[in-house]
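Participant: Sequence:
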Amino acid sequence: MTPTTLNILLLGGTSEAKQLARQLYAAKLPHYDKLCLPYSLVRLLRQPVLPCRIICGVFIHYGGLTDYLIHQKIDLLVD
3 MTPTTLNILL LGGTSEAKQL ARQLYAAKLP HYDKLCLPYS LVRLLRQPVL
53 PCRIICGVFI HYGGLTDYLI HQKIDLLVD
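In this text, residue positions in the sequence shown follow my numbering: the first is 3, and each later residue adds one.
Wrong hints could be hidden among the right ones.
Straight-line distance between alpha carbons at most 27 Å, and here's what the computed DSS-like set of lysine-lysine pairs gives [said to hold, decoys possible]:
id, residue 1, residue 2
1, K20, K36
2, K30, K75
3, K20, K75
4, K30, K20
Treat the hints as calculated values from the structure; they're not laboratory data.
Start from the sequences and build out the full structure, keeping to the hints where you can.
Facilitator: Below is the structure:
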């Protein structure tokens, strides 16, 4: 069976978003072998302690948010 990955882009910046990132990493997601969860911030004032990759800045260097979602094969966007 081929491993399946769930790609979720989490638009962060709030304490609720950080809590959600931690909860998603701790969760056992049925039907998925792996979770890819980039956490996006507009600007980095302080480095959050999170178990996921942190993206800082706008998506213009990716061609915009839509292009980023397509290129990175994001399954779910959480704002």
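Participant: Given the hinted pair K30 and K75, is their alpha-carbon gap at most 27 Å?
Facilitator: Satisfied, since the Cα-Cα distance of roughly 21 Å is no more than 27 Å.
Participant: Hinted pair, alpha-carbon criterion (27 Å max): K30, K20. Please report holds or violated.
Facilitator: Within the cut-off at roughly 18 Å; holds.
Participant: Hint check: K20 vs K36, CA-CA at most 27 Å. Holds or violated?
Facilitator: holds (19 Å)
Participant: Do the alpha carbons of K20 and K75 lie within 27 Å of each other, as the hint requires?
Facilitator: The given pair, whose Cα atoms are some 22 Å apart, holds under the 27 Å limit.
In the structure shown, no violation is registered for any of the earlier numbered hints.
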